Each structure stands twice: as structure tokens, then as C-alpha cells.
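Q: In case you want the letters, here they are:
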Amino acid sequence: QQKVQQSPESLIVPEGAMTSLNCTFSDSASQYFAWYRQHSGKAPKALMSIFSNGEKEEGRFTIHLNKASLHFSLHIRDSQPSDSALYLCATSNMGYKLTFGTGTSLLVDP
Amino acid sequence: NAGVIQTPRHKVTGKGQEATLWCEPISGHSAVFWYRQTIVQGLEFLTYFRNQAPIDDSGMPKERFSAQMPNQSHSTLKIQSTQPQDSAVYLCASSLPGGYAEQFFGPGTRLTVL
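Chains A and B, in that order, give the protein sequences. Positions 1 to 110 (the working numbering) are the ones given, in order, by the first sequence. Positions 1 to 114 (the working numbering) are the ones given, in order, by the second sequence.
By construction, these hints were calculated from the structure, which means they are not laboratory data. Values in this document were obtained by computation on a predicted structure and should not be read as measured data. Treat the hints with care, since some could be wrong.
[Stated by the list, open to error] Simulated pairs of lysine to aspartate or glutamate, EDC-like, Cα-Cα distance not exceeding 20 Å:
#1 K78(B) / E102(B)
#2 K67(A) / E57(A)
#3 K42(A) / E44(B)
#4 K56(A) / D78(A)
#5 K97(A) / E55(A)
#6 K97(A) / E102(B)
#7 K97(A) / D56(B)
#8 K78(B) / E18(B)
#9 K78(B) / E24(B)
#10 K78(B) / E44(B)
#11 K97(A) / E44(B)
#12 K42(A) / D56(B)
#13 K45(A) / E44(B)
#14 K67(A) / D83(A)
#15 K67(A) / E55(A)
#16 K15(B) / E63(B)
#17 K42(A) / D78(A)
#18 K11(B) / D86(B)
#19 K45(A) / D27(A)
#20 K97(A) / D27(A)
#21 K78(B) / E63(B)
#22 K3(A) / D56(B)
#23 K45(A) / E24(B)
#24 K67(A) / D27(A)
#25 K97(A) / E18(B)
#26 K62(B) / E18(B)
#27 K56(A) / D83(A)
#28 K3(A) / E18(B)
#29 K78(B) / D57(B)
#30 K62(B) / D86(B)
#31 K56(A) / E24(B)
#32 K42(A) / E102(B)
#33 K11(B) / E24(B)
#34 K3(A) / E24(B)
#35 K45(A) / E102(B)
#36 K15(B) / D86(B)
#37 K3(A) / E15(A)
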């Protein structure tokens with residue numbers, strides 16, 4: 001059964017800093033890798049996803065995948081107080097069923 | 001587009017009572033998912049419907065939990081004889097057809113079992 005772990009559990013960064021969030025997974029057959037963001041009391045919302053090894057950048061956000069290391073990460077450049085939220089990583093090898101990590105709680109200190 | 005709608009937003013039941021949670025997916029989305037979120041376990045997959053048909057219920061506790069999708073505009077999750085350990089936020093999500101389509105989540109129903 002797929003296991004997904006995130007680190008760190010929580011993180012405080014100053015406004016303007018680079019934030020790096022990590023996710024490791026156990027199933028080498030995983031094909032889809034995504035990050036979701038959930039503000040307090042709100043619905044999780046997809047941030048970005050990747051299928052192939054390498055990196056993908058969208059605005060201030062970059063996702064990096066290394067399948068051989070069973071690891072992917074999210075980097076947030078110029079972190080803003082509005083980025084404060086719970087970040088969830090998710091993987092899938094079935095086309096629909098997402099397996100999530102337990103999340104990293106990020107606080108950006110203005 | 002109102003997004004995925006879930007009702008009620010909060011539900012409190014006594015131990016042993018039944019709870020029914022409702023979900024209205026985004027119009028045009030033929031895939032509907034139910035997840036459960038707790039602090040300890042995180043976000044866990046419960047069940048998946050495609051074109052109203054149940055496809056995968058591997059995450060559903062076999063006793064007391066059931067899900068249905070009687071039409072394309074709503075799905076229900078029913079928990080019989082609720083127990084304190086069922087307390088969680090139950091999230092519904094929907095997506096367009098096709099593999100690895102982005103899942104859009106609703107705000108969830110917070111279930112508290114006293």
C-alpha cells in the first residue's frame with residue numbers, strides 16, 4: 001500500500017523567503033505527483049502537478065520530481081503571508097485515487 | 001460556477017445515530033470522490049464514482065459506511081450507528097473524466113460524534 005510522508009510537519013518562514021516542502025512516497029509505480037494547498041477551514045485546492053522527472057515552474061511555485069529517489073518537492077519563491085496554509089502532497093498510479101501525505105503547516109511571518 | 005457543494009457544513013450526532021452527508025459535484029464532472037480528513041490520519045480516500053457507477057470503494061469501512069450516487073447531480077455518504085472515531089471532516093471532490101484529471105474539492109462536512 002502506498003505510503004506518502006511529508007516533511008517538515010510545520011514551518012515558519014519570514015516574508016520574502018524561499019520555502020521548501022518535501023514529500024517521499026513508497027510506490028515506485030506512481031505516475032502522478034501533485035501539491036494541494038488548504039487554507040484553514042477551506043477546501044484543498046490543487047497548486048500544480050507533474051508526471052515526469054525534472055522540474056516545472058508556475059509563477060512563484062516550482063515542483064521538482066526525482067522518481068529514483070522516491071521524492072518530490074515544492075519550492076515557493078518570495079513567500080507571502082497569503083501563502084500561510086496546510087500544504088498536502090499527493091501521488092497516484094491508478095488515474096484517479098490520490099494518496100495524500102499528512103501535510104506541512106506553513107506560516108509566513110510578515 | 002459554484003464549485004462542489006457539500007451540506008451540511010457541520011453535523012453533530014450522538015453515538016449510535018445515523019448521519020447522511022450530501023455532495024453536489026461541479027456540473028459536467030462525471031467523476032466523484034469521497035475523502036475523510038483527520039489530524040492524525042490526514043486525507044484518506046474513501047470511494048469513487050464514475051458516471052454514477054461505483055468504481056472503487058476500497059477506502060470505505062465495510063460496516064456502517066455506504067455511498068450512493070442516484071443521479072449525476074448528487075452523491076450521499078451515509079454512516080450508520082456513528083461512533084466517536086467517525087468524527088472527521090468528510091470531503092467530496094469531482095473531476096472531469098480522464099486519467100489524472102484535477103480533483104476539485106468541496107469545503108467539507110465536519111462531523112462530530114458525541
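Q: Each hint should be assessed against the structure and marked as holding or not.
A: Right, here's what the structure says about each hint:
no. : hint             : verdict
1   : K78(B) / E102(B) : violated (25 Å)
2   : K67(A) / E57(A)  : holds (18 Å)
3   : K42(A) / E44(B)  : holds (17 Å)
4   : K56(A) / D78(A)  : holds (17 Å)
5   : K97(A) / E55(A)  : violated (23 Å)
6   : K97(A) / E102(B) : holds (11 Å)
7   : K97(A) / D56(B)  : holds (9 Å)
8   : K78(B) / E18(B)  : holds (7 Å)
9   : K78(B) / E24(B)  : holds (15 Å)
10  : K78(B) / E44(B)  : holds (17 Å)
11  : K97(A) / E44(B)  : holds (10 Å)
12  : K42(A) / D56(B)  : violated (26 Å)
13  : K45(A) / E44(B)  : holds (16 Å)
14  : K67(A) / D83(A)  : violated (27 Å)
15  : K67(A) / E55(A)  : holds (12 Å)
16  : K15(B) / E63(B)  : holds (15 Å)
17  : K42(A) / D78(A)  : violated (23 Å)
18  : K11(B) / D86(B)  : holds (12 Å)
19  : K45(A) / D27(A)  : violated (24 Å)
20  : K97(A) / D27(A)  : holds (13 Å)
21  : K78(B) / E63(B)  : holds (11 Å)
22  : K3(A) / D56(B)   : holds (19 Å)
23  : K45(A) / E24(B)  : holds (17 Å)
24  : K67(A) / D27(A)  : holds (10 Å)
25  : K97(A) / E18(B)  : violated (27 Å)
26  : K62(B) / E18(B)  : holds (16 Å)
27  : K56(A) / D83(A)  : holds (19 Å)
28  : K3(A) / E18(B)   : violated (32 Å)
29  : K78(B) / D57(B)  : holds (13 Å)
30  : K62(B) / D86(B)  : holds (13 Å)
31  : K56(A) / E24(B)  : violated (33 Å)
32  : K42(A) / E102(B) : holds (17 Å)
33  : K11(B) / E24(B)  : holds (17 Å)
34  : K3(A) / E24(B)   : violated (30 Å)
35  : K45(A) / E102(B) : holds (9 Å)
36  : K15(B) / D86(B)  : holds (10 Å)
37  : K3(A) / E15(A)   : violated (32 Å)
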